[in-house]
Structure formats: structure tokens, C-alpha cells
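**Student:** Once you have looked at the hints, place chain B with the ligand on chain A.
The residues making up each chain are set out below.
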Amino acid sequence: MSSSELQSLYQEIILDHSRQPIGFGLVGNADGSSHQLNPTCGDEVTLEIAIDEHGLAHVHWEGHGCAISQASASLFSEMVGDGMSLDALDERIESFRTAMRSRGKIQPDEELLGDAAALGGVSRYIARVKCAMLAWVAAEDAIAQARA
Amino acid sequence: MRSLRQYSGAHRLEGTTESRTAITPATPTDHALTPSEVSAIRADFPSLQQEVNGHPLAYLDSGATSLKPRQVLDAEREFYERHNSAVHRGAHTLAALATEFFEDARATVARFIGAAEDEVVWTSNATEAINLVAYGISAASARGGADAVSLRAGDEIVVTEQEHHANLIPWQELASRTGATLRFIPVDDAGELMLDGLDETITERARVVAFTHVSNVLGSISPVDRIVARAREVGAITVLDACQSVPHMAVDVASLDVDFMAFSGHKMLAPTGIGVLYGRRELLNALPPFLTGGSMITTVTMERAEYLPAPQRFEAGTQRVSQAVALAAAIGYLEAIGMDRIAAHEAALGARLADGLAAIEGVRVLGPVAGAERVGLASVDVAGIHSHDVGQFLDDRGIAARVGHHCAQPLHRRLGVTSSTRASIYIYTTEEEVDRFIEAVADSRDFFGVRP
Ligand SMILES: Cc1ncc(COP(=O)(O)O)c(C=O)c1O
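Same order as they appear, the protein sequences are chains A and B. All residue numbers for the first sequence refer to this note's numbering, where the first residue is 1 and numbers rise by one. All residue numbers for the second sequence refer to this note's numbering, where the first residue is 1001 and numbers rise by one.
Treat the hints with care, as some may be off.
[Claimed, not checked] To list a few chain B residues with every Cβ distance to chain A over 10 angstroms, as calculated:
hint, residue
1, E1081
2, A1116
3, E1173
4, T1181
5, L1198
6, D1225
7, P1288
8, A1348
9, I1385
10, D1396
11, G1404
[To be verified] Simulated restraints on C-beta separations:
hint, chain 1, residue 1, chain 2, residue 2, range
12, A, R103, B, A1359, 36 to 42 angstroms
13, A, E62, B, P1186, 26 to 32 angstroms
14, A, R103, B, D1118, 48 to 54 angstroms
[Stated by the list, open to error] Capping the alpha-carbon separation at 25 angstroms, the derived lysine to aspartate or glutamate pairs in DMTMM-like fashion look like this:
hint, chain 1, residue 1, chain 2, residue 2
15, A, K130, B, D1061
16, A, K105, A, D115
17, A, K105, B, D1395
Since the hints were derived computationally from the structure, they do not count as laboratory data. Each residue gets a CB set at the ideal place from its N, CA and C atoms; glycine is no exception.
Next up, chain A with everything else stripped away, as it sits in the complex (with noise of 0.2 angstroms):
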């Protein structure tokens, strides 16, 4: 009954990862943390990066609110995994923004983001684009902290 774009917006995959999320915790001593808020609906993010000795991030959040905002945390955490380095975060962050901010003309660089590249259907609700780009946005602003 529910059309295929609201199935597109909302993949399996996404309602997955909102529901068993990854790297959901905070461990503090990060190198940068930020908090995001989008007061229209109240989701929250909090997200730590920390740098570890071969210049690496490591990413911890927390949060709560609509599935595409917590899901895309947790996308971006997986994408993130093991470790991977500023300039790398910076590429895939723009690389997000763009798709997200298309409007349905841009499909997210599947080999760039991985699993968020399922976060493309967002991008033609232009009232979810928000909620999407919360944790990209927290991390942008840690990373910047990070580096000063």
C-alpha cells in the first residue's frame, strides 16, 4: 500500500541500522565532540571523534529521534569503522552533502559511503534532509575541533 518512494526513503538496511545501531555510546576523552539538535522535531545527535596514534578517526555517538536521522549515525559509523583519516572524513561528508542536498538528481557514491549511500532517497524529502545530514554535520564540526 505504501508507495516506492517512501520504501526507497525507508530500505530495510535503514530501519535496520535505526533499530541496532553502530558505534551508539560515548567513551569521552575524544579529540572533538559535538551536539546537534534540529529543534522541528527534536532529533539529537552526539558525536565524538577521536584520533588515534597513526592519525586515524574513531567515531562514538549517541542520540535519539527518527530513524533517518539514527540510522544515519549509525551509517556513518560503519562507514567510518576501523579508522580512517581526516582528509578521507572531509571527502565522504562533502560527498554526502551533495547527494543529500540534490534533491533526487544525485545518487550518493556508493563506493565513497558504503552502506549510507541507502540514505539517497532522502534527498527528495526536502523537510528529512536535516534529520539525514545530523551526524554528518556533528562530525564535520568534531573534526574541526579536532584539527585546531
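**Tutor:** For chain B with the ligand alone, coordinates are given in the frame of chain A:
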């Protein structure tokens, strides 16, 4: 020249042939609207003639803002096409006409709520109306007056835990500017106002008691008489937020006996940009103006100015004339149906809505238990699904509902939820739309996989 009276206070416009609703006046006044009456009403609303995401639009967000009927849009258009002019300024014919329409619209509002014309102040919306009172009190207090509208450190302002932010934050600000203390009437787990400790909450130190008539989250109706009686006992000014009552039921300020009352035109078929502050005459005239400038003065020198009496003292600057005229047309439209019949229609649909939602497993209806008195509005928390996701699912089926905290964060927090999904009903809402909402909320649990 055409009769001016014909224009305001009635939705019938000269040159507009089909401007009446198909309501038969013979129907008993407390009788809910019949399906054929509702479909006649729906035909007046262009917005309802569209599909959204492949489904006929089910607009269940009238609590946020109502749809507008042709008659109201026509009244506003006709004003701009034929009578456009600034009011209370200039001596030309159109200026005089516009002024008369503007003041007739005020008379229509006054009659509609049982007030005198000089007790009706135009504002942009209810938020501005409440701020007008709060800032007026603030200004009076800053001058150290000892009158009815001045506050001092140690005085108390009382609100309730149900309030919309518009009837909370202006009072927080007023308290911080004057040194007064802000207190509130708490709610219980069901969101109902707890009046047991009313005498301890509204004490002899209370100077202002501001509260909502109908909760925009719960749909419950406040016991105005009890709160006003206590406020009177201690000599406090009462301010009623009537945003969710005036559009939906007969409201008479004289019998409510409140000192101030605020509501917004856009929630009652009128355009945005027009709201109303009712104020008791002597209090309005004791209140310093909120905005100052042109049109609200008698004599101005380079050093100072004398102000007109209410309502003009609060209407500085070029006024919202077309919106006022359109609001009068909206009232004409509502009155042609009958406020008691509107209330009966919405109470019946509201009960259907609340009962239907309460029957769904994993769905919690906030506010009065099913069967209790409520207006045509219900908010739900769907276990395991954020309201934004529920709203997205509803939208996919062409159902427009409100999600989030509905500008009432403290109430949501008290009820243990961060947000909810709200359906709100108006004159054009059908049983079928209510059923579509209930079914979609139930189906959202399947879609998001929260069903056991
Ligand atoms: C109970 C209540 N109070 C105040 C308001 C504020 O109305 P407005 O935004 O039109 O000023 C609203 C509507 O949003 C409301 O429902």
C-alpha cells in the same frame, strides 16, 4: 453607494452569486453536521479538491492552521480590488470606505465573542496578542506604577504545564524583567490540570494568571470557571489563550469573565497576519502601548506623545485591513453553520478519533481517556516509531497531520514523550478521513516493523 453593512460580518459579497453554504437553518443548533452538509462545506474549500501523493488530501492539521473557503478568499480579494486604502488616515472616499470595513470587522469580532468594540484589538496573531499584554505590563512595571497592570519583585505570574510556548515564554520573560516569580498549575500523568492545590499555586501574591482554554496537544477543555474564580479571589488578572476554542465553539468573554483573551484568525478560516486581543476596557486603557508610532496618538511634540484610548493605542502603523475584512467574512461563514453545530460535529469526530486510536495496540492517546470530553483533536505516541516517521508514512497516503512537540515541550516532557503525532478536525473533516488516519497509524506499525 452599496451598503457597507452588507460587506462585513457576512460572507455574502455583492457580485458573488454562490456565497452561502448549503446549510439548512432548520437543523437543530446542537445537531452535528450531516454528511451532505459536510460535503457542501467541502466544496467551498479549493485546497480540498486536490490529491497529495496520489491520494485525496485528508487535511487533519487545522489545529496548526485551517484551510480557507472561497468566500473568505473572495472577501480579501474584493477588498484589494475595490477598496484598498489605508485606514484612519486620509479623507478620500476609499480611505473612508476601508476604515468603515475595518471597523465593521472589529464590530463583527466583538459581537462574535460577546465583547464591546473598543475591547477588540487587532494583532498579527495570538502570539503577538499575548506579548502585547506581557510587554504592556512590563512597561507599566518599569515606571514603578502601583496599578492593576504593574508587577514588582515578589509578585507571582501563574501559567499551566499545558501551555503552548506562546503562552509560556512571554511570561517567563516578564518574570525575569520584573523580578516576579513564575509558577504553574501542574498536570497529572494523563495531562489533566491538577486543581487540588489551586489555592497554593494561585496565592495572594498572584497578579497574572495565564492559561489555555483548550489544550492544543490534548484536546481537553480547561475548567475556566474554577481558575477564574480563584484568580478573582486574589485579585489577579486573567489571560486566556483561546486559539483552540474560538474557532471551534461558541465563546463568550462576558460569561467566561476573563480579563484578556487571545486568538488567531488563521486557525478559523481567515488568512495569516490577523489575530485578536480582547481586553477588559479599563485594563486596556491602563496598559502602556506595546508598539508605538503612527495612528495611535493624539498630540505629538518633539519630546513626547499622548496616546489614543484602546483599541487604537495598540494599533500603531499601517493596519492589516484586508485580513480583518477576511476574518469578518470567516466569522460570517462559521456563524452561518452555527458554532454549536460545529462543536457537535467536532466532538463526535473527536470521540471517533480518540476511540479508534486507543484501540490500536502500542498506541497511546495523550490526554483525556477515551470517552472523556474532548474537542476534535488527538495526539498519539506510537511505541517504537518517532513521530516524524509516522508523519512521513501518513503523508505518503495524502494525510496531513502535525508531528513534533506542537510548541509544547514542557507538556510532552511531563507526559514522558519527546514528540507526538496529532490529528485535528474542523468543519470540513469527514468520518472517512478520521478512519483513514486511524488505519494509517495502525499500518505504520507494520511498515516500521514494530508489531510483535
Ligand atoms: C494553544 C495555542 N496557543 C497559541 C498558539 C499560537 O498561535 P499563533 O502562532 O497563531 O500566534 C497556538 C497555535 O499554534 C495554539 O494552538
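**Student:** Output the indices of the hints that this structure fails to meet, ascending.
**Tutor:** Violated: hints 9, 10, 11.
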